[in-house]
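Asks: Take a look at the letters that make up each chain.
Protein chains: 2
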Amino acid sequence: MQLSKLYFPRKTNLPDNLDEYKTSEVVEFLGIVEYPPKMSGFFNILPLGQKVMRKLENILINSAYNFNYQEMHWPLLQREKIWKQSGRITEFGKDMIYTSQDYPGFVLSSAHEEYFTDNIARNIQSSKELPAIFFQMGYLFEKRKSRSIIRSSEFPVFSTYSLSEDEKQSKNNFKSNEEFYDQFFKGLGIKPLKIMDGETLHFVYPNQEGEHYIILKSIFEFASPSERKFSQKGLGLAMVRPLGTKYPCDFDVGIIKEGESIHPCMETSAVGLTRLLFAIVDENRTSNGIRWPDSIRPYDVAIVPRILENSDCFNYALRIYQEKIKRGESVVFDDLKHNRKKARDALGIPRSIIVGNKGNSRSIEEVLNE
Amino acid sequence: MQLSKLYFPRKTNLPDNLDEYKTSEVVEFLGIVEYPPKMSGFFNILPLGQKVMRKLENILINSAYNFNYQEMHWPLLQREKIWKQSGRITEFGKDMIYTSQDYPGFVLSSAHEEYFTDNIARNIQSSKELPAIFFQMGYLFEKRKSRSIIRSSEFPVFSTYSLSEDEKQSKNNFKSNEEFYDQFFKGLGIKPLKIMDGETLHFVYPNQEGEHYIILKSIFEFASPSERKFSQKGLGLAMVRPLGTKYPCDFDVGIIKEGESIHPCMETSAVGLTRLLFAIVDENRTSNGIRWPDSIRPYDVAIVPRILENSDCFNYALRIYQEKIKRGESVVFDDLKHNRKKARDALGIPRSIIVGNKGNSRSIEEVLNE
Chain F
1 MQLSKLYFPR KTNLPDNLDE YKTSEVVEFL GIVEYPPKMS GFFNILPLGQ KVMRKLENIL
61 INSAYNFNYQ EMHWPLLQRE KIWKQSGRIT EFGKDMIYTS QDYPGFVLSS AHEEYFTDNI
121 ARNIQSSKEL PAIFFQMGYL FEKRKSRSII RSSEFPVFST YSLSEDEKQS KNNFKSNEEF
181 YDQFFKGLGI KPLKIMDGET LHFVYPNQEG EHYIILKSIF EFASPSERKF SQKGLGLAMV
241 RPLGTKYPCD FDVGIIKEGE SIHPCMETSA VGLTRLLFAI VDENRTSNGI RWPDSIRPYD
301 VAIVPRILEN SDCFNYALRI YQEKIKRGES VVFDDLKHNR KKARDALGIP RSIIVGNKGN
361 SRSIEEVLNE
Chain U
1 MQLSKLYFPR KTNLPDNLDE YKTSEVVEFL GIVEYPPKMS GFFNILPLGQ KVMRKLENIL
61 INSAYNFNYQ EMHWPLLQRE KIWKQSGRIT EFGKDMIYTS QDYPGFVLSS AHEEYFTDNI
121 ARNIQSSKEL PAIFFQMGYL FEKRKSRSII RSSEFPVFST YSLSEDEKQS KNNFKSNEEF
181 YDQFFKGLGI KPLKIMDGET LHFVYPNQEG EHYIILKSIF EFASPSERKF SQKGLGLAMV
241 RPLGTKYPCD FDVGIIKEGE SIHPCMETSA VGLTRLLFAI VDENRTSNGI RWPDSIRPYD
301 VAIVPRILEN SDCFNYALRI YQEKIKRGES VVFDDLKHNR KKARDALGIP RSIIVGNKGN
361 SRSIEEVLNE
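As given, the protein sequences belong to chains F and U, one line each in that order. Going by the working numbering, 141 is the number at position 141 of the first sequence; the sequence numbering is gapless. Going by the working numbering, 133 is the number at position 133 of the second sequence; the sequence numbering is gapless.
Hints in this document: simulated from the structure, not taken from any laboratory. Note that this is a predicted model, so its numbers are computed, not measured. Fair warning: there could be bad hints in the mix.
Pairs involving identical chains hold if they fit within one copy or between any two copies, as the list cannot separate such chains.
Within a straight-line C-alpha distance of at most 30 Å, the following computed DSBU-like cross-link-like pairs (lysine-lysine) qualify [unchecked claim]: (1) K143 to K81; (2) K324 to K22; (3) K233 to K81; (4) K337 to K128; (5) K128 to K38; (6) K94 to K38; (7) K257 to K38.
Pulled out of the complex, with its shape left as it was, chain F reads as follows:
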């Protein structure tokens, strides 16, 4: 990719010191997302952000397959009547997005328990098919209007839904999910606090922009309203939750166990991908850009002809670039006219190969981003 052609609206218009900005603003400066004007609640993910999102998704998907989870895809546009059957439409109703009267009876998905139970759990006949854990990489929708990737109207979510034949198997599925997220966050160098709220395990990233209030008692806990002045704030990244037999009961879904029909238990978990992206940027941002974790870094090296107008220098640099492309390396060609170092730092490219005016192997200098 030539930096002159990379879609990165701020590349010639970067602030001098990113420390002065909130992380939900920094993600826009760095070319990860953009908030289009007059579209609060929504964002576009830009090429740099999408490269990172693809890597995050692949890590999640590969890890899920290693955990023997099965991938499903449920529709995003769901039948309202299914939501009525669980009674959750009263709980979520005012936040849910409905279709208009000329195509009535649909809602945009704000969770998948209902579809999972009515479509999948219903087709599972026997306790011998359990435990079974399913996952979906999908989108959820809510009425929201903020200008932020952590509170948007439409957001990508990795979620799991599982079935178990009894409490013991249910605890094992819960444990499996907990281990899944432990490994995942560890691999990314993110250290969320693990907080139990009732039976639900939350992974909360300490951050001023979050919605949770956290207080240290014997362990970290959510603060009650009166404790909030002593608390720190945190952002919910992921959760793991046992669901008992509620949904199988609501939808009259049973399995045969030792000759008798019983309601199976369910468990769920989820991680919000743009919240995760927020936490990764927050954790790794510097005053002039970002240092991406190795496993999700979008570009490894920039080839920089020192003087663009010097054809020896330019062509020699181009040749190095093309050879690296052929070898499958993750490389950019810096042909920007202005703010070159500043743009490379913003994009988080850790290493530059600078080609001097002579345009030969002796004029090469390798520079690491500090």
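Fit chain U to the known structure of chain F by using the hints.
Replies: Same frame as chain F, but now just chain U:
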């Protein structure tokens, strides 16, 4: 994956001869998708289908990066006013899905030209940033009610949108897209007819379930209504189309070229992923299952203990299975009680390692699926 736990509702209930069924039914028998009851227009993609979809997506994404295309993600829920600005709301209006009056002013995306122009093209300043081709792996929505993966209300689509400074660059972008799909279909062993309709290039897969009528004149062309009785039918898989300056004009988007402001040209292309899946199944289905193309095959080998109740045999087979899992092979463990060979054929597993009663290396037999 143990076959007993794989979510594949038809595994014990497969028809004897698949030749009697249409491909849109066969995809359900083979455990690729399911059409939930009372939800016409929608389908769930099952674990087998999702494994294939992931591989198709990865081939498309990697190929797009090799072509130097940039990935973007636009919202699925879009502002109605943007669609009014291009005037296309009258063209698509009756097929588009709107949000209800308590969250008004949104439509579910049925294309991306509008957002591309208003959000991305608007931020590109100079002809020096062109040509630039962008792609999105997204979902499109229309009011549809059929029970088929080729005409659904919600469907996954890979699409490209590009900008060029003049007709010549526009033709190059078109050529690049054409080459992209040529390579892609060739790699999958799919041979669509290439049909020009005005300036639009269509990739049409000959099939009785398709919506196009095709007739051979000097080359294949779409048939006029009076020619239909001499025609064959075909299914549109992909298209490449120049858009001229319509959208930049509608949205008043200009770029600077040699000191002057001009309207850039646009081009687009798209491939429907579930239509592609349909064509792949259609091309490779047999009377008892499917032979997946190598590059997207979900499972390579099944380990089959001949007698499940024989613990020597079962445990030895399990050990082989676990070793293959450790080596990262794509393998299933066949612990089904009934219809074992039939289920393996349906899933398209080309090779079985059958472990005999003695449960040792001499009792192993390797069988290729005919």
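Asks: Now, for every hint given, state plainly whether the structure supports it.
Replies: Cross-check of the supplied hints:
1. Within a single copy, K143 and K81 get their C-alpha atoms as close as 20 Å, and across copies as close as 18 Å, so both meet the 30 Å cut-off.
2. Taking the shortest alpha-carbon separations for K324 and K22, neither the intra-copy value of 36 Å nor the inter-copy value of 48 Å comes in at or below 30 Å.
3. Within a single copy, K233 and K81 get their C-alpha atoms no closer than 38 Å, and across copies no closer than 37 Å, so neither meets the 30 Å cut-off.
4. For a Cα distance limit of 30 Å, the shortest separation of K337 from K128 across copies, 11 Å, qualifies, whereas the shortest one inside one copy, 65 Å, does not.
5. Within a single copy, K128 and K38 get their C-alpha atoms only as close as 53 Å, which misses the 30 Å cut-off; across copies the closest is 28 Å, which meets it.
6. In the homo-oligomer, the alpha carbons of K94 and K38 lie at most 30 Å apart both inside one protomer (23 Å) and across protomers (26 Å), since each shortest distance falls under that limit.
7. In this homomeric assembly, K257 and K38 come within 30 Å of each other (Cα to Cα) only across copies, at 29 Å, whereas the closest approach inside a single copy is 55 Å.
When the structure is compared with the earlier hints, violations turn up for hints 2, 3 and for no others.
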